[in-house]
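Residue numbers (the working numbering), protein chains in the order written: chain D, 2 to 314; chain G, 1481 to 1714; chain V, 4 to 343.
Don't take each hint at face value.
[Said to hold, decoys possible] In silico contact screen, one side only, chain D against chain V (beta carbon under 10 Å); selected entries:
hint: 1; residue: G7
hint: 2; residue: E10
hint: 3; residue: P102
hint: 4; residue: G213
[Said to hold, decoys possible] Covered, in the sense of this in silico footprint (three residues per stretch, anywhere, with C-beta under 8 Å from a C-beta of chain D), are these stretches of chain G:
hint: 5; region: 1507-1519
hint: 6; region: 1642-1654
[Stated by the list, open to error] A few chain V residues that don't get close to chain D, going by computed Cβ distances all over 10 Å:
hint: 7; residue: V51
hint: 8; residue: H93
hint: 9; residue: L113
hint: 10; residue: L162
hint: 11; residue: N164
hint: 12; residue: L188
hint: 13; residue: E219
hint: 14; residue: D221
hint: 15; residue: Q225
hint: 16; residue: V227
hint: 17; residue: L247
hint: 18; residue: M301
hint: 19; residue: L307
hint: 20; residue: Q309
hint: 21; residue: E312
hint: 22; residue: L321
Bear in mind the hints are in silico, worked out from the structure with no lab data behind them.
The structure presented is a predicted model; accordingly, all values stated were derived computationally and were not measured.
In this text, a Cβ means the ideal position worked out from N, Cα and C, and glycines have one as well.
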Amino acid sequence: MEGVLGILERLDRRWVFLAMALAVAGPILVMGITRKTLPETPTDASRAVFQAVQSLPRGSTVLLSFDFDPGSAGELEPMGVSMARQCALRGHKMVFISLWPLGGQMIDQTIKKVLRADFPQLQDGVDYVNLGFQAGNEQVMRVVLTDFKRAFPTTKSGRATADLPILSGIQRVGDFALLAEVSAGYPGSKEWVQYVVSASGGKLPMVSGCTGVQTPQLYPYFPGQIRGLLGAIKGAAEYESLINTWVLDPASAAEMASAGADSGVAAAIPPKYLEAQRRMGPQLGAHLLMVVLILLGNVVYLAQRRSQRRAAA
Amino acid sequence: MMRIVALAIASVAGLVMLLSPFFPAMESVGAQSSEIFNVIAAIAFILGAGSLVKVNLSRVGRRDTGWGYALVTLLCFAITLVVGLGKIGVPPNPQFAATPWAGEKDAAGSAFAWIYEFILTPITSTMFALLAFYVASAAFRAFRAKNREAILLLGTAFIVLLGRTFAGVWLTGGFPEWASGLRLENLSMFIMQVFNTAGNRAIIIGIALGVTATSLRILLGIDRSWMGAGGGSA
Amino acid sequence: MSNEHRSPAIVVWVMIVLAVAAVVGLRIGLGDGMARAYAERVEMRVTVKDVATPSGERVVEWVEWRSVSPADFSRAVRESPSQDRVQLNHANSVGLWVAALLTLAIFSFLYRDNTAYRLAEAIIIGVSAAYWGVIGVWDSIVPKLGGALAHRWTTEYILPNLPAPTTQSQIGMGVALVLGILLVLRLVPAVGGISVWTMAFIVGITAGAKIVSHVESDLLAQTVATMQPLVQPVDGGVWTVATLWASLPNVLVVIGVLCCLTYFFFSVEHKGIVGGAARIGIMYLMITFGAAFGFTVMGRVALLSQRVEFLLDDWLWLIDPLERRLVDGVSMIVGTGGVW
Chain D
2 MEGVLGILER LDRRWVFLAM ALAVAGPILV MGITRKTLPE TPTDASRAVF
52 QAVQSLPRGS TVLLSFDFDP GSAGELEPMG VSMARQCALR GHKMVFISLW
102 PLGGQMIDQT IKKVLRADFP QLQDGVDYVN LGFQAGNEQV MRVVLTDFKR
152 AFPTTKSGRA TADLPILSGI QRVGDFALLA EVSAGYPGSK EWVQYVVSAS
202 GGKLPMVSGC TGVQTPQLYP YFPGQIRGLL GAIKGAAEYE SLINTWVLDP
252 ASAAEMASAG ADSGVAAAIP PKYLEAQRRM GPQLGAHLLM VVLILLGNVV
302 YLAQRRSQRR AAA
Chain G
1481 MMRIVALAIA SVAGLVMLLS PFFPAMESVG AQSSEIFNVI AAIAFILGAG
1531 SLVKVNLSRV GRRDTGWGYA LVTLLCFAIT LVVGLGKIGV PPNPQFAATP
1581 WAGEKDAAGS AFAWIYEFIL TPITSTMFAL LAFYVASAAF RAFRAKNREA
1631 ILLLGTAFIV LLGRTFAGVW LTGGFPEWAS GLRLENLSMF IMQVFNTAGN
1681 RAIIIGIALG VTATSLRILL GIDRSWMGAG GGSA
Chain V
4 MSNEHRSPAI VVWVMIVLAV AAVVGLRIGL GDGMARAYAE RVEMRVTVKD
54 VATPSGERVV EWVEWRSVSP ADFSRAVRES PSQDRVQLNH ANSVGLWVAA
104 LLTLAIFSFL YRDNTAYRLA EAIIIGVSAA YWGVIGVWDS IVPKLGGALA
154 HRWTTEYILP NLPAPTTQSQ IGMGVALVLG ILLVLRLVPA VGGISVWTMA
204 FIVGITAGAK IVSHVESDLL AQTVATMQPL VQPVDGGVWT VATLWASLPN
254 VLVVIGVLCC LTYFFFSVEH KGIVGGAARI GIMYLMITFG AAFGFTVMGR
304 VALLSQRVEF LLDDWLWLID PLERRLVDGV SMIVGTGGVW
């Protein structure tokens, strides 16, 4: 085949790589300079996560499990940040754990970015605590089913969990009001459903944020075993927009002020809480490129088939 | 003898985990077994590290092709280990200032934290980021609408790719209310909640049956492949 | 590789390096530069009990450096030009360059395999193995094994307020220590066979736990979740269009699950009704895989976005979405006229 089709047929894949790089970098540059984001329309699954945290009585103790590492932070860190932010705005207490070795550092980053920066009145050990990582994958889940502090004897900074005020009413994982889990793979949301949520007889509600690869696999658990699901960076962006809309609503200002936050009276959302929405720009570019590439590839294929049939005839 | 003891250990341990959720008296035994497992899992990290050192040392010793890279691996391993175990640059823990080794190993300003932020994170994240390029290349070279099934797959991919971005809203946002179900963003959610749920649910049920059967075979000593050479089946 | 192939490759490499150097040169020359990190000095002072001193107390003092944004540094210098509370953090500034070069080294693999990529690969293998080992030691082995079997030493030197162990936990951790040592003996070929006992424990625990969890959560719960009403009446009507649309999702899910399970059932030949159901199951699975592909793309692209953001924001200072370099409304990208 000659001409454009011939070029496409012989195209070196590195030109495709370059196209992908430009499709991602272009929107990042534009949105980074203009500081504009695309509008988001939340889906039922994201709304369910938001409602699950909103509906808890003020001051509830929430277990946040950050089961991811820097390799997936691009998708999942905005989810973790938003979950911590919404919990803090609602006055909930937060217990952070991780079943991934590098998850403890991801929790530290979130605490620094959200809680220490915007909620300095919250006290470590009283309003939130980072229990860090424990090895064992599902077996850690088996232990927390009956004795939470046995699985996490110390905090990440070395304090004994037996003495912590935030864990004073917690004997087992079922004593938490909600499990908010951010999952990059194994161990993650699936294992929490299999080993903890099912074993608790549905008494421990769970919401999950997960990577794009995991999202289709977790949909069968929604809404029966997982009450709300944030799927990939789109889910993170929808969740962010739900919280931001609520924060900017004048009716919420009084409620958040009583939780000690003053972001309810803010005229604008701090840029760090728009991270997922910013990343939807390069998503748009990349997805359009993917559609074009698939179409072009099939055009080449059909042309090849036609020329083969002509040659055979 | 060693293999018989191993089979007995596997069966007893498995039986404890199987029965402990159903008998309250066995709850603490089950939790204790899980705790032992968790500590062994942490010790397995040491095994992994030891294995890495062993393999790379032998590569360097034999001067295999690329032995220089093995040397770099060993050097980085040693530096990270010393810095981490020795808590180099770690400030005292404000809550336990008098305790010499109470500082957090990855406290801000420590060498371990520096390695995490400027070496581990960028390389790990970038390795995963490479996949985006390969997905694009694979889409161009391999995704062919050769038959009905492939057309169905590609069609669904288009709907999800467009529906989960602003492109879906821009392309079909103007559809009237009675046809709102055909808007790409709603169509993609319908696909996820109906077709994807059905397909993955069947896969999940199938896997559950398979895992249960395999686990029972292991606990009953029928499947011994996990023992390595000479294991096989009974 | 022949000389014919080597020449274009070298030309492309030179072009890539020159392009990067040009961008970096421009950024260093324009505005307030690039790739710098700043930190604020915080003086810490804690009084601790010490029976060795006459007063029974002593003061422990040290300095911590906490990361701040470049804009914070600029504001601190404007307030007081001679201040030294907020300073350039040399270690982290060098770190930004190291991180950027390692990122580019990994990306260079997209063009072709090369020394820089292999070096970065070798680095991450060594660093991550040691990193995981260190985390395993400090986060699990020391508090659990040390806390149970060497409680006095652990509380004196590492974790002061660890609760005293029970006899049961000491026995349990003793067993864990023995099994752990047997596992590590795998590295010694002469006695490595004994590690099979630890492997047996791991396999047995995992298999036993999986039976219960998978049956309860993946078999029973998913079967119950599939048992949805096939008719969802809307406003009391049964044979209405609204009821039809409301019932359709449940009908499709039930049909889909049954047909997909039929497809996976290979003990009966896929002919006749069974064959028809299996064909419908394949259609459902193709849609499932198409959706999986779409979400996989989304996931991968998000990871790439984060790395590109790092290069353009943290390293090159070409964009500033987090407003970390915005001083009185002027971006450091174009230059604020400050001292750095």
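Hints versus structure:
no., hint, verdict
1, G7, "violated, 20 Å"
2, E10, "violated, 20 Å"
3, P102, "holds, 5 Å"
4, G213, "holds, 3 Å"
5, 1507-1519, "holds (count 9)"
6, 1642-1654, "holds (count 6)"
7, V51, "holds, 15 Å"
8, H93, "holds, 21 Å"
9, L113, "violated, 5 Å"
10, L162, "violated, 5 Å"
11, N164, "violated, 5 Å"
12, L188, "holds, 19 Å"
13, E219, "violated, 5 Å"
14, D221, "violated, 7 Å"
15, Q225, "violated, 6 Å"
16, V227, "violated, 8 Å"
17, L247, "holds, 21 Å"
18, M301, "violated, 4 Å"
19, L307, "violated, 5 Å"
20, Q309, "violated, 3 Å"
21, E312, "violated, 6 Å"
22, L321, "violated, 7 Å"
When held up to the earlier numbered hints, the structure conflicts with 1, 2, 9, 10, 11, 13, 14, 15, 16, 18, 19, 20, 21, 22 and fits the remainder.
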